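Asker: Residues per chain are reported as follows:
6 protein chains.
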Amino acid sequence: MMLKCAVAGVPFGGAKGGVTCDPTKMSINELERLTRRYTYMILPLLGPEKDIPAPDVNTNEQTMAWIMDTYSMLAGYTVPGVVTGKPFELGGSKGRGYATGRGVAYVTSEILQRLNIPLKGATVAVQGFGKVGSNTARFLHQEGCKIVGVTDLSGGIFNEDGIDVPSLIKHTNNENYISGFDGGEFAADYRKANEKLIRSKVDILIPSALENQITEENAPGINANVIVEGANGPITNSADMILSKKGKTVVPDIVANAGGVIVSYFEWVQDVQAYLWTEDQVNQRLKQVITEAFLKVWNIAEKYETDMRHAAYMEAVRKIVEVTRLRGIFP
Amino acid sequence: MMLKCAVAGVPFGGAKGGVTCDPTKMSINELERLTRRYTYMILPLLGPEKDIPAPDVNTNEQTMAWIMDTYSMLAGYTVPGVVTGKPFELGGSKGRGYATGRGVAYVTSEILQRLNIPLKGATVAVQGFGKVGSNTARFLHQEGCKIVGVTDLSGGIFNEDGIDVPSLIKHTNNENYISGFDGGEFAADYRKANEKLIRSKVDILIPSALENQITEENAPGINANVIVEGANGPITNSADMILSKKGKTVVPDIVANAGGVIVSYFEWVQDVQAYLWTEDQVNQRLKQVITEAFLKVWNIAEKYETDMRHAAYMEAVRKIVEVTRLRGIFP
Amino acid sequence: MMLKCAVAGVPFGGAKGGVTCDPTKMSINELERLTRRYTYMILPLLGPEKDIPAPDVNTNEQTMAWIMDTYSMLAGYTVPGVVTGKPFELGGSKGRGYATGRGVAYVTSEILQRLNIPLKGATVAVQGFGKVGSNTARFLHQEGCKIVGVTDLSGGIFNEDGIDVPSLIKHTNNENYISGFDGGEFAADYRKANEKLIRSKVDILIPSALENQITEENAPGINANVIVEGANGPITNSADMILSKKGKTVVPDIVANAGGVIVSYFEWVQDVQAYLWTEDQVNQRLKQVITEAFLKVWNIAEKYETDMRHAAYMEAVRKIVEVTRLRGIFP
Amino acid sequence: MMLKCAVAGVPFGGAKGGVTCDPTKMSINELERLTRRYTYMILPLLGPEKDIPAPDVNTNEQTMAWIMDTYSMLAGYTVPGVVTGKPFELGGSKGRGYATGRGVAYVTSEILQRLNIPLKGATVAVQGFGKVGSNTARFLHQEGCKIVGVTDLSGGIFNEDGIDVPSLIKHTNNENYISGFDGGEFAADYRKANEKLIRSKVDILIPSALENQITEENAPGINANVIVEGANGPITNSADMILSKKGKTVVPDIVANAGGVIVSYFEWVQDVQAYLWTEDQVNQRLKQVITEAFLKVWNIAEKYETDMRHAAYMEAVRKIVEVTRLRGIFP
Amino acid sequence: MMLKCAVAGVPFGGAKGGVTCDPTKMSINELERLTRRYTYMILPLLGPEKDIPAPDVNTNEQTMAWIMDTYSMLAGYTVPGVVTGKPFELGGSKGRGYATGRGVAYVTSEILQRLNIPLKGATVAVQGFGKVGSNTARFLHQEGCKIVGVTDLSGGIFNEDGIDVPSLIKHTNNENYISGFDGGEFAADYRKANEKLIRSKVDILIPSALENQITEENAPGINANVIVEGANGPITNSADMILSKKGKTVVPDIVANAGGVIVSYFEWVQDVQAYLWTEDQVNQRLKQVITEAFLKVWNIAEKYETDMRHAAYMEAVRKIVEVTRLRGIFP
Amino acid sequence: MMLKCAVAGVPFGGAKGGVTCDPTKMSINELERLTRRYTYMILPLLGPEKDIPAPDVNTNEQTMAWIMDTYSMLAGYTVPGVVTGKPFELGGSKGRGYATGRGVAYVTSEILQRLNIPLKGATVAVQGFGKVGSNTARFLHQEGCKIVGVTDLSGGIFNEDGIDVPSLIKHTNNENYISGFDGGEFAADYRKANEKLIRSKVDILIPSALENQITEENAPGINANVIVEGANGPITNSADMILSKKGKTVVPDIVANAGGVIVSYFEWVQDVQAYLWTEDQVNQRLKQVITEAFLKVWNIAEKYETDMRHAAYMEAVRKIVEVTRLRGIFP
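Chains as they are written, first to last, in numbering that gives the first Met the number 0: chain G, 0 to 330; chain V, 0 to 330; chain X, 0 to 330; chain E, 0 to 330; chain B, 0 to 330; chain U, 0 to 330.
Among these hints, one or two may not hold up.
The list treats identical chains as one, so a pair stands whether inside a single copy or across any two.
Here are the simulated BS3-like pairs of lysine-lysine, each with C-alpha atoms no more than 25 Å apart in a straight line [what the hints assert, rightly or not]:
1) Lys-93 to Lys-119
2) Lys-318 to Lys-93
3) Lys-295 to Lys-244
4) Lys-302 to Lys-49
5) Lys-24 to Lys-244
6) Lys-318 to Lys-200
7) Lys-24 to Lys-93
8) Lys-24 to Lys-318
9) Lys-15 to Lys-119
10) Lys-119 to Lys-247
11) Lys-15 to Lys-195
12) Lys-93 to Lys-286
13) Lys-195 to Lys-93
14) Lys-245 to Lys-24
Don't read these hints as lab results, they were simulated from the structure. For clarity, every value in this text was computed on a predicted model and none was experimentally measured.
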């Protein structure tokens, strides 16, 4: 997270914390009391200028609302900036829900431009159709890309003429899964569907499901020339080397899916400034920030003749070292 | 005030406080010392994140300057955001003086659009020619409305061809009252003038003087199809029901005159951000915020087939309940 | 500094502090420890809402970084707004390096417009080619002015067809001094070169080197009709009176070179808002603020039939007195 | 309370606050949550240096524990000094439970000495046998006084040879009321018993039950020469004048029952010093403080030839005026 | 530590923290900088009302001085109460060096009294002659006990007529170890010496060296009727059961060696009160506090017919549970 | 002051501050407002843990009351410990008025004991009869010393049989000066009286008036064997050397008149502890502290074979160096 922020120029670091419990076995009341007590116990570390929690697996907008309320009551006044990912009514940001997908789409657009592949009409395969995958597909579809394959836990949909993404999203909103959608050829075995998808003859492959999906086994069979990491760590190290040798262009997660943390930062800025942005402003500034990060990394890769993943780490480490050097060690 | 803020989406609540005294019998020095001591005594409740006073009857920009100075000196540094309605030189906002009138004009423009009445050429009667009434008249006149009647404590001016509002304002700047202005027919008895005005055959009636001006007695005689509440509570409950039955459209105070508190909020935002907005920016953002509030209420009224006053309360209560539910009760 | 801020509408005051030492004889480690201890000792006076240091002679971006780090570590979280002039990586502002020169150019453009002298093709002599002089020349050259003379400690370059300023800047970036540049006639004796420059037959003379360069001796020989003070106090009092009698127009330092402190203020605003501006935004807002200050002073000079220096002081004192009167004396 | 503290030299003032509710109808959980929320809401007024609650009717040690815990958790560390009357385990004081009674006994001993009545063998009638009355009787019995009459809501016990107070206390600890005790003549009608008690032929009468017990009706029949007010306001104004004319010596409540607040102050001191006193130290210092207060008032009464009640008010007002004069009015 | 404090009535809890490093390989300068940085990093947890470090293995008075200075400089004023065990010149307590030994001696005196063994002339064997053992021996010798055996890493000294403890201390001050002292029979093999010592025919055995010295192997051979734990945990669980069955009286560490933390608490109290105690006051109050703790535990053991170790745990847990119950769980 | 505190073991430093004005020409109202504004301006440096003002020439108890009130109101609660020398009603200390004189008397008693001169019957000459001189004379007279000479600005009183000090104090309370007192031979020329006094054949000479009274001119004629400096710096450097050679014993000001600052410290301690001491407690603890300081210095003088002045400086510097060394330099 710290590296991702450093590349994007977001003035945040990285830390995690949690409580060992099974929230599915707790009442809403127990969850609230647990969250408030936990907030109290880590209080000296929290604050809009210190550590700013955001939701992750098993926590959500409501959890953030409780943390924010507890911190605020202890402070004596409302402090929306102490968390991000909170409900819009309590100072949350417009556009945060689909920010990662939107960022992946922006980055995809940029990489195609660099490689002289026209965005309009480009063919795309998307692995995973959750928050990231579906929104990525939606925005690329809006830009004129042809989404020819999509998979999720229920299987895969393939359609060489391009899937009607808005209809598919409407379908999954109701049915949770893509299975049952009749806008293409359906493959019910999700492992086979995934393997088929990864080998699709497309311009762009966007793994946006889980870690370690592209391995040394299936990497040699990849046809796409561009892989954009929508998920965190979808390509294993050894697969990465295979792709590199084959001359594939990989946009690493640290750049490609930074949209989420960038809009978290925007939410905090809006809270600090006590003035909310419109959805358009959020999206436009997200585009500006993620594009700039992409270009910085692209240029380093060009200059040092390396791949984008190494370039991204170089930039992240350079930034952190530079700041540490400038500030010095206190006391 | 809390309901007004909830409808407008302004993150403020509502509270009042004061000192029992007769400021007209006190020297400026006594007023200053009284204000400073009072500020000191309510200090634990004040602050840019807690309670932010603004001037009301018998207090003014100078009072706010003293409160701000006292709070700031006690804090150890300048805190402009602790009050609104302060002089521009100390961090006050451009455009605050006429904000309520401007807001009434924006809302009038919106309601006409919804009712398919062209703004240009619409006839208007304005009750009261103080800060709210005169500025409402000024802005509507600028937009091409015909202001055919105006009243104040000195009587009423009526002119079917439209009053020359800029000249009338120049006149009242010098003479305090509208009497003596020769741009129309003058009626010296202000009660009769008022009754005449309320029954005018106009498109829009804008009561912007005192409470309880439209009652069950004069309500049945109202000809205007649109009444926009520039003042707080100018229509009695029973009059409201009469107007409702007659199919008149009333834009309630909670929406119509929210311009004042919206720009108070803008002043606070500018102080929090340490960067002042231009007059244009203030006016444009006021338009955006009050129009959005109007539309929200309009849509609720449409959806639930009720009048705008009930719709406004529905929205205000919904917002407050939602926020309270999300935050929960601490501890 | 306080007067300069008052004219420009920047909400800062003025103060200086320092340590008696010879930094050229100290190691980087000793400088760091000295700076940190000094910061600690003046701590109760520092803070983004109290006193905000900026670099001056013998201190630089690194010094500001140490002060910022010390203050932040003592506060318990990063407080970029406690200093300005810090490195961009730590929250410094784009465009700060050349802000004073850019401001001088904006002001020059404004004064010419008032005097009906076309900016394009106007002839300019610039004394000093450091941070202020070189950037002033650069921006005026971009606007189409003809820079016909430039001096520094190594001598002077004169070229009636206009010096190629970008080339000269490239030269001085490498050689530190202008001597050796072959884009004009070179005069090696810097005193003679200076006197020649001051007497140049140009439209505009911009002294941007040291104090007291235009004296009662050389003032009578000045040919330029407009003198813009890039440096602080380049004209002696008696020279000022001579120029005044000769009908020359002098734009005083308090207005002309305010660009530096204006962008210092912008840096602080960006830190308070936790959101950095683009270089374009900085420049455009600098233009807006310094032009407004120029116009305010110009109009006062017109209204009270005085020169711009007196007008500037009138405005500065008026502002400070007004604010003090409004706030009152506490307790 | 403020006057009582002023006479005793205790650096406290006086204030009351509460919640309108019926605690007998609330669960312990509801009481805890109500207390914590109330504490939160008055938080800006609370603190060991600001306002220090103590229990009164319907609140007790447990309520104080909750207030203390809530305040402490909000402060971030344990702050025992924010309340007095808390459990000993949480920083409460030894000897606080019987402090008022002990103080009444000390004051009785002092007044007898002044009037040359030997303490040993003096006869005493005590109205009320709650916390104050029973402890007063206990300590006077220890000093050799003969307690010849005691009343409570269940009636009265009279024994000219002196009641065995320790046995009576043991009895009431078990039975709550004095009825059923066989160490004297029992009168079951508590009104008649009270009237009999008030008219007893004793040296000292100690009303320590409710307000307005000695009225213009029964005052003329009082035989005791000394009345010590254990309760607050047991003598009506008119009764007071009758007693004064009859030459009776009344020790007013403001002096006589100050023992409670004095030990509250001691509890706070122990918390401030983070070191608890032994029971002996508490009692010895209570004696010193209440005796000093008594003597101050006695001497003023002598000097100004007035009764002790007036003398006590004179001293209290003098102290408050003097302190206010010395400090002045801020700002 | 928490249990020990609970038994002694000291309002402290228990926590540990440290840095993984080898201080023997670091310069004094490195140690200072490491200590200061560590202090900075745990700052939010430190403070005289929060967590109060004290020295342990590998840290000493100097370390405490650095922590105190760092905390104080960050606070802006001197805060001696943030650590205990600091040098006397910086607010440390008299008598802290030998407090544990003194406490062991007090407790030994109390247990003998309970068992009707005269202190004067009682025979004692002391295992270990470091800070605890030597001071225990010193104070018991002062009270007239006969110290007949002492061991350390260099071996053991045995003398049935009683060792001259002051001379032995003088010896170890010079030579570090007891070997070489000629005031008794010397046994050079420290294992054998220890076994001999543990089986000595004495009234009291005081293991004050390391953990797990009395085991199921040597426990059956113990002749002393009283064992007082000067060290932490010198008796294993199984040995404890053997001694219990044999009817030996063990005073557990939690009571016996609480003198150290009690005087740490006194040091903190002196700092909070800003007034230092004399050595006599420290010793007298130590005696009072540790004796009271002993008696509380003794009485519980009597009442519940258990050994002192169980009684001590019962009291500690009772105290903590009671306080937790009274305060409740927040929020 | 810093050295004086170091010798006495008082944890204070030394600093001075003031306002350039002539208080004799200002109204009480102007003095109050000046004091409050001055307090506000040095606020970041003030506080019971930072800098604690005390009255000096031209300021008094009332000034301290204003400073205390201003600081307290700015803090939000009463902070008596921010000043010393305030009125008793606001938390001042008993016994502060005569503390310096009392301290001089204690020190005189100690030095006589060391020199084997009996205190009872010792003859004393006191220069100056202000707060220090008169109280010194009073306490020594109480101890049985014979005060044979006293001077002030009005002249000198000499009486070989011992002056009746209580009568003389009663006289000066009424008449301000000693002239007119008939309990001895009066010398009206104060210069001559002083010279006579300095040369008196007495055991002890106590200069307690102004600086530089004992010079190289009159030093050779001094007969007293012991000189105790009640004033600050009454002996010039050269006179000091003469006295040293003559074998006279001088108790330096840094030790002799430390009573004032010691009781200032006691006042602060009482405020920190929120519990006032009795007059007896103050005097007894003063005796203990000043005697200990005297003994420390006496022993150093013995050990290093030097005079007490050098010994006092040695101790003061040792203490400060030791503390600085232990704490180290931060950051």
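Asker: Now tell me, hint by hint, if it's right for this structure.
Answerer: Here is how each hint holds up against the structure:
Taking the closest pair of Cα atoms, Lys-93 and Lys-119 never come within 25 Å of each other, the shortest separation being 27 Å inside a single copy and 36 Å across copies. Within a single copy, Lys-318 and Lys-93 get their C-alpha atoms only as close as 29 Å, which misses the 25 Å cut-off; across copies the closest is 17 Å, which meets it. Taking the shortest Cα distances, Lys-295 and Lys-244 sit within 25 Å of each other inside one copy (23 Å), while across copies they are farther apart (57 Å). With identical chains, the CA atoms of Lys-302 and Lys-49 are never at most 25 Å apart, being 36 Å at best within one copy and 45 Å at best between copies.
In this homomeric assembly, Lys-24 and Lys-244 never come within 25 Å of each other (Cα to Cα): the closest approach is 49 Å inside a single copy and 48 Å across copies. For the homomeric pair Lys-318 and Lys-200, neither the shortest alpha-carbon distance inside one copy (38 Å) nor that between copies (51 Å) is at most 25 Å. Proximity of Lys-24 and Lys-93 under a CA criterion of 25 Å is satisfied in neither setting, with 32 Å inside one chain copy and 47 Å between copies. With identical chains, the CA atoms of Lys-24 and Lys-318 are never at most 25 Å apart, being 44 Å at best within one copy and 31 Å at best between copies.
For the homomeric pair Lys-15 and Lys-119, neither the shortest alpha-carbon distance inside one copy (40 Å) nor that between copies (60 Å) is at most 25 Å. In this assembly of identical chains, the alpha carbons of Lys-119 and Lys-247 lie at most 25 Å apart only when taken from the same copy (21 Å versus 53 Å across copies). Taking the closest pair of Cα atoms, Lys-15 and Lys-195 never come within 25 Å of each other, the shortest separation being 36 Å inside a single copy and 56 Å across copies. Proximity of Lys-93 to Lys-286 under the C-alpha cut-off of 25 Å is found in both arrangements, the shortest distances being 15 Å within a copy and 20 Å between copies.
Proximity of Lys-195 to Lys-93 under the C-alpha cut-off of 25 Å is found in neither arrangement, the shortest distances being 36 Å within a copy and 49 Å between copies. Taking CA atoms no more than 25 Å apart as the test, Lys-245 paired with Lys-24 passes in neither setting, with 49 Å inside one copy and 51 Å between copies.
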